[in-house]
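Colleague: Chain Z: place on chain B using the hints.
Take a look at the letters that make up each chain.
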Amino acid sequence: MFIFSFDFMQRAFIAGLITAVLAATLGVFIVLRRLSLVGDSLSHASLAGVAGGMLLGFYPFYGALLAAAGAALLIEFIRRAFPRYAEVALAVVMSSAMALAVVMISLKKAFNADLFSYLFGSLVAVSPADVAVITGAGIFILISIAFLYRELFAITFDEEAARLAGIPVAAVNIYFTLLTALTVALAVRVVGTLLVSALMVIPPAVSLQIARSFKAAFGIAIGVALLAVITGLYASFVFDLAPGGTIVLIASTILVAVMVAKGAINRWK
Amino acid sequence: MAYPYNKREVVRLVDVTFAYNGSPVLERVNLAVEAGEFLALIGPNGAAKSTLLKIMVGLLRPKVGEVRLFGQDIRRFRDWHRIGYISQNASHINTSFPATVAEVVASGYYSGLKGLFEGSTRKRMVDEALELAGIKELAGRLIGELSGGQRQKVFLARALVKRPAALFLDEPTTGIDVSSREEFYRLLAHLNREKGLTVIIVTHDIGAAFSRAQKIGCVRDRGVYIHEKLSEVDQDHIAEVLGYRIGENHVYL
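First to last, the protein sequences are chains B and Z.
Each residue of the first sequence is one higher than the last, beginning at 95 in our numbering.
Each residue of the second sequence is one higher than the last, beginning at 3 in our numbering.
Excised from the complex, chain Z in its bound form:
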């Protein structure tokens, strides 16, 4: 059934059901994210958070339901420059890969055959993305020599190099120390507020998610439950994600 398209809409899922080997992990999920929003998706391990994110960007195709990116059916979507994506695997890169930071960031900018003749444009955009991610001084360093936190900023710069309107991140701070994590979230919040970038992030960092995101999406029981206020989020669900119940002795990081 057709639905009215809101021009501010970045992604919309309509009655999406997804199954692995016949076992559904998401059932009749309906979700819409508008331009400029910061949505954090939280949930326990195995709740299909990453699956949900991959469905949004078209890496996984549900057999049932409809997925739209910027109003276009995901099966026909070709405006890849409008989205940036950081996968969970980014933290597990081959550290002996002989590539500089600038080379990795440039790989995010792709414009088909046209790209053969726009070397100077690509260089300018890479410089801008490095600047935006605050890692200009790392441009000539080998990717494998960087710390986890620096590496994540490189992947952020790679996702930003094509000047996307929306950023999709799958647990980008896994394995990163607390201060680098905090800095990474500050950067995301800055891009969201100052540049109007839509941010959709899968995370286990509940503290960071609650302090920066405008909306929290709890992924559980094969569905997604959106909350606009921290007080709305079920404490049992938070306890399930954290592995402990928040009490007087626990503070958000």
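For reference, chain B alone in the conformation it holds in the complex:
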């Protein structure tokens, strides 16, 4: 595998594989809770954080993380003010964050290659510092999910029943939203802000088509995400394509193929 002779490809693969596992794992809960647009809102917020980091001269990942976490809490706050219109909170945060990002980019008066890499993902842009942060934070997120698995399953399936089982639902929800914000901030480096939510939604959507248990749903979603990232990164290197777009297109193709195959099998039965 000659592509691994390049240091930047090794880093891109490590970051990509960790991102795939994280996005797919959290994505299963996000999709089943009908919060698919949360990933979109948080990724737009993280773009504002990246622009802020570039404008003020600090590591853009920290900006992305702070902005995504702040947006996650803001969504919860606005949602309480509009309990019957949950999507209002997502639309307000997404458009405001995008507006903030555009204003900050215009203040710097530069739409440079680095910013472009955060929008659509980049192979060469993953630095050793990025890999260290993605690995450390990734392990933390996976341990958190392993500890909270039973609580998250119960809340996702039936929030009312979870509350009466004694689960501290509000606290678990806020913690999960912050984990989602952290995952979005990490994933931005590889797939870019505009496509990160697709990586959180498409692999779980594939798993919903074929999984025969909740645990299997995780296995399938992670498998699809890994397959999309590995083939996507490889194709983007060979054909000089934007990695984020390539990864998401491959994941979408897998989803369509599974849906068509399932439909054909059902008709044949």
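Calculated directly from the structure, the hints in this document are not laboratory data.
Misleading hints may appear alongside valid ones.
Here are the simulated lysine to aspartate or glutamate pairs, DMTMM-like style, with alpha carbons at most 25 Å apart [what the hints assert, rightly or not]: (1) B:K309 - Z:E105; (2) Z:K164 - Z:E36; (3) Z:K116 - Z:D129; (4) Z:K65 - B:E254; (5) B:K309 - Z:D129; (6) Z:K65 - Z:D17; (7) B:K363 - Z:E147; (8) B:K309 - Z:E133; (9) Z:K217 - Z:E11; (10) Z:K116 - B:E170; (11) B:K309 - B:D224; (12) Z:K164 - Z:D17; (13) Z:K164 - B:D208; (14) Z:K138 - Z:E185; (15) B:K309 - Z:E139; (16) Z:K164 - Z:D81; (17) Z:K116 - B:D134; (18) B:K309 - Z:E120; (19) Z:K138 - Z:E105; (20) B:K309 - Z:E130; (21) Z:K125 - B:E253; (22) B:K356 - Z:E147.
Covered, in the sense of this in silico footprint (three residues per stretch, anywhere, with C-beta under 8 Å from a C-beta of chain Z), are these stretches of chain B [said to hold, decoys possible]: (23) 162–175; (24) 242–248; (25) 301–315.
Think of the CB as a built atom: it goes at the ideal place given N, C-alpha and C, for glycine as much as any other residue.
Modeller: Okay, now just chain Z, sitting in the frame of chain B:
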């Protein structure tokens, strides 16, 4: 004002008033249910039956009045393993949710951090609950593939998995065929008589309620009226719940 606590008391409401957007739906409600009782709450649509049940288990908090579960103030109640609850929404689950029956039942058993180290205990309790609800053979099936009647038994098993002392059910047989409904009520009556489980159920199935429950609670006019005999229940109220008056041509199911 303090009241003497009867140790057999499962739930007690003292002068409870509850309002939605300033309009009271329950006013100065007083109610006590003792261990081992089977209470059916009936009433027309919009009479606040489900609201009353949710107040009992703490899902809704009244601004006025006192609610006690097993003698404890509901605001400080933490013994959630002592109650099981089946909500009205249970029949409207997402049928594409990729969970097996065993996974759903296990979600009813929660013991905090301790739960991380008691996988075998949880498995044993899930097996027992499946057995009790008579659905052991469904353990590996997807929840979305089951019939309405089978699904309700899964939710019953989820409510039973922590071995509760009292079961609260909110219209659990909505949308279920007559024979499954009958079987479900038989199971509840068995759990009440043989296992001593306290049952409080909101229902429109007046026939089933009257044949199994020891007490009938009529929820109307923002209050609850408890009757111990079928003959005590106001026929006008039954007609209001059923939508027709029981005559010679109608029999209880």
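Colleague: A separate judgement is required for each hint: does it hold in the structure or not?
Modeller: Here is what the structure says about each hint:
{"no.": "1", "hint": "B:K309 - Z:E105", "result": "holds, 9 Å"}
{"no.": "2", "hint": "Z:K164 - Z:E36", "result": "holds, 20 Å"}
{"no.": "3", "hint": "Z:K116 - Z:D129", "result": "holds, 20 Å"}
{"no.": "4", "hint": "Z:K65 - B:E254", "result": "holds, 21 Å"}
{"no.": "5", "hint": "B:K309 - Z:D129", "result": "holds, 19 Å"}
{"no.": "6", "hint": "Z:K65 - Z:D17", "result": "holds, 11 Å"}
{"no.": "7", "hint": "B:K363 - Z:E147", "result": "holds, 16 Å"}
{"no.": "8", "hint": "B:K309 - Z:E133", "result": "holds, 23 Å"}
{"no.": "9", "hint": "Z:K217 - Z:E11", "result": "holds, 15 Å"}
{"no.": "10", "hint": "Z:K116 - B:E170", "result": "violated, 30 Å"}
{"no.": "11", "hint": "B:K309 - B:D224", "result": "violated, 30 Å"}
{"no.": "12", "hint": "Z:K164 - Z:D17", "result": "violated, 31 Å"}
{"no.": "13", "hint": "Z:K164 - B:D208", "result": "violated, 55 Å"}
{"no.": "14", "hint": "Z:K138 - Z:E185", "result": "holds, 16 Å"}
{"no.": "15", "hint": "B:K309 - Z:E139", "result": "holds, 20 Å"}
{"no.": "16", "hint": "Z:K164 - Z:D81", "result": "holds, 11 Å"}
{"no.": "17", "hint": "Z:K116 - B:D134", "result": "violated, 36 Å"}
{"no.": "18", "hint": "B:K309 - Z:E120", "result": "holds, 18 Å"}
{"no.": "19", "hint": "Z:K138 - Z:E105", "result": "holds, 13 Å"}
{"no.": "20", "hint": "B:K309 - Z:E130", "result": "holds, 22 Å"}
{"no.": "21", "hint": "Z:K125 - B:E253", "result": "holds, 22 Å"}
{"no.": "22", "hint": "B:K356 - Z:E147", "result": "holds, 16 Å"}
{"no.": "23", "hint": "162–175", "result": "violated (count 0)"}
{"no.": "24", "hint": "242–248", "result": "holds (count 4)"}
{"no.": "25", "hint": "301–315", "result": "holds (count 9)"}
When held up to the earlier numbered hints, the structure conflicts with 10, 11, 12, 13, 17, 23 and fits the remainder.
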